[in-house]
Each structure stands twice: as C-alpha cells, then as structure tokens.
Amino acid sequence: LTTTNINYNNAVANWDTLSNANRYKIRYQQIGTGSWSNLGPIYNPNSSITIPLLQQNTTYEWQVMCYYDTTNLLASLWSISDTFITPSFVAAPFNPIVLNTLSNTQCNTSSELTLIVSQEADEPDIGTSIITSDGGSFDITSINSGDSVGFAIMTTSTQNITATLKAGIVAGQNYAIINSYDSAGILIGFFSIENENGGIKVSSTSPNDGNNYTSGFISEIHFTNLFINPNIDGPLYFYANINSELNDQFNDVDTVQIWCNTTSISENSSEKNLIGIYDIFGREIPETQNKLLFFKYTDGTIEKRLLLK
Numbered sequence: 001l002t003t004t005n006i007n008y009n010n011a012v013a014n015w016d017t018l019s020n021a022n023r024y025k026i027r028y029q030q031i032g033t034g035s036w037s038n039l040g041p042i043y044n045p046n047s048s049i050t051i052p053l054l055q056q057n058t059t060y061e062w063q064v065m066c067y068y069d070t071t072n073l074l075a076s077l078w079s080i081s082d083t084f085i086t087p088s089f090v091a092a093p094f095n096p097i098v099l100n101t102l103s104n105t106q107c108n109t110s111s112e113l114t115l116i117v118s119q120e121a122d123e124p125d126i127g128t129s130i131i132t133s134d135g136g137s138f139d140i141t142s143i144n145s146g147d148s149v150g151f152a153i154m155t156t157s158t159q160n161i162t163a164t165l166k167a168g169i170v171a172g173q174n175y176a177i178i179n180s181y182d183s184a185g186i187l188i189g190f191f192s193i194e195n196e197n198g199g200i201k202v203s204s205t206s207p208n209d210g211n212n213y214t215s216g217f218i219s220e221i222h223f224t225n226l227f228i229n230p231n232i233d234g235p236l237y238f239y240a241n242i243n244s245e246l247n248d249q250f251n252d253v254d255t256v257q258i259w260c261n262t263t264s265i266s267e268n269s270s271e272k273n274l275i276g277i278y279d280i281f282g283r284e285i286p287e288t289q290n291k292l293l294f295f296k297y298t299d300g301t302i303e304k305r306l307l308l309k
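Residue numbering for the sequence shown follows the working numbering, starting at 1 and increasing by one per position.
Hints are computed from structural coordinates only; laboratory data are not their basis. Treat the hints with care, as some may be off.
Claimed, not checked - DSS-like, lysine-lysine: derived pairs with alpha carbons at most 30 Å apart:
| id | residue 1 | residue 2 |
| --- | --- | --- |
| 1 | 291 | 201 |
| 2 | 296 | 166 |
| 3 | 201 | 166 |
| 4 | 304 | 291 |
Sequences are here, hints too, so could you generate the full structure?
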C-alpha cells in the first residue's frame, strides 16, 4: 500500500492488484478514533482512489479489502494499514485574472463581448463581482424573456460545463436578468446586465459552497452581438471590482481600442509588430496557454491576453 498526492484535504490511496480480484473496498479513519469511513466498490484492475474531505494536520490510516466474485461471500480480510499525515492549508493570495475582449472594434457596431475570470487553486472564493465600462451599451431593447443571448463555459480541474444564456426578467431598456441553463435545461445560475453611467454593468453573486476557497477555475461569458461599441474612437475601459467571501477586494482595469474607420485600423496594424511576450512578472516567455500574457508591440501598445486551450 502507498499513499500519494497528499494535500491538506485529500490524498490518493494506491494498492497492488490481484489477478483473481473482482473488486476492492477501502476504509479510512483518523488514527485512534475507531470511526471508519468506506470507499468503493473499486473494480479490478483499478488500483487507486482519492480519499476526500480530510482535515489538515491530521494523521490517517487506511486499509483495503478484496472481493473475489460478484457476491459479498468470497472476500479477504482487511489489509495492514498505511498511514499518512495531511499538511497545513496555505491560502493563495486573492488575485483573480480578468480579461475582456470584443469580436470587432469598429465604433457603433454590435460585437460579441467576452468576459473571462479565472482563479488559481487555494485562492479565497469570489463572493461578488461587478464589471463596468466607460462606454458602449447592451442592446436590451432587442431581447425578450427567453431569448438566447450567448453562452458560458466553466472549466475546473475536474469538469467542463457549457451553459446557454437566456434573458429572464427584462425591465425596460437598461436592465435585464440573464439566466444560465445547463445542457439538460436546468437553471444553474443568473446575473444582471445594465446600461449605466454611459457604459455597461455586469453584476453577479456566487453561491457560498461552505469552504471559502477555490480549487481553481476559468469562467467565460460570451454575449452574442448584444454589446454595441461606443460611437467614438479611442480607448474603451473595463473596470473589475471583485470581492472574496473573506472580504478581500480586487480591482482591475482593461482597455480595448475602438476605431471609427477601417482605414485607420489597417494603417495602424501594418505598422504594429510584436516585440515580445511577457508574464505578470515582466519575464519574456514563449506563448503559453491558460496563463495571463502581455504582448508588447513596436508602436508602444501592450495587449493583455489569456489564451485558453
């Protein structure tokens, strides 16, 4: 028996398989408590399982039992124990990564607006998030309750969830609730969109899962041609105001350049060459997926990108 990948809240139990085994069962406990928890069945030839919901700084033991047929009659005795100690939990700083992109930057035209928020493992959970802009608007008058307005993708270490975004309550031309439905049509979340102070506002509150820390994720919200670009050229600023469940606060500013004629865009692009790609510490690195990157160009501009795999 061996125990690997020991974290503050879980560990992986491993054992050697038997050629004549049908399945296995394991049990585990805090040393000396006499209160065992069981996991299984684990069918041969699988030979490992994650022991969940552990306490930090605690000594555990576990044992494995083998069944030789489909009944409970032909079984081995419990094996000898393997023991391990969970380490202390060390929280990561609250430092979400926020990225906002537009499918086109032509002024006064509709565009697909994408909002991306990601967190590293062991950061405090996000409690509330508000993203605003200093220009542009949502074309809320064009939608009715039940209309599809885009889609969302949530990627974690264990799963990938794609959801459909549909309008819920539409209250005039400046406010709407957007509902998120999974592939089975079940409501799994909602947030609000607004036109406010000459720009937009997207507000959401995350449900509390009880542990205050995340295992890491990437959340993408894609609005399909619901956003209208400002009718003047220049920088469009997006502001993120995010609070954790532990009252940490994070603020960020992102910029997209809006143009009012295609000639300017073409001329600017022809003079713009990439100098290098840098990480958040200013180190030059190759293009990397699932990591915040800064692209520096010869015209002095710097673009912040998050390349998703």
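Hints, one by one, checked against the model:
Using a Cα cut-off of 30 Å, the hinted pair residue 291 and residue 201 holds, with the two alpha carbons roughly 26 Å apart. The hinted pair formed by residue 296 and residue 166 fails the criterion: a straight-line CA distance of about 37 Å is larger than 30 Å. This hinted pair checks out: residue 201 and residue 166 have alpha carbons roughly 17 Å apart, not beyond 30 Å. A distance of roughly 11 Å separates the Cα atoms of residue 304 and residue 291; the hinted pair therefore holds under the 30 Å criterion.
In terms of the numbered hints stated before, the structure departs from hint 2 and from no other.
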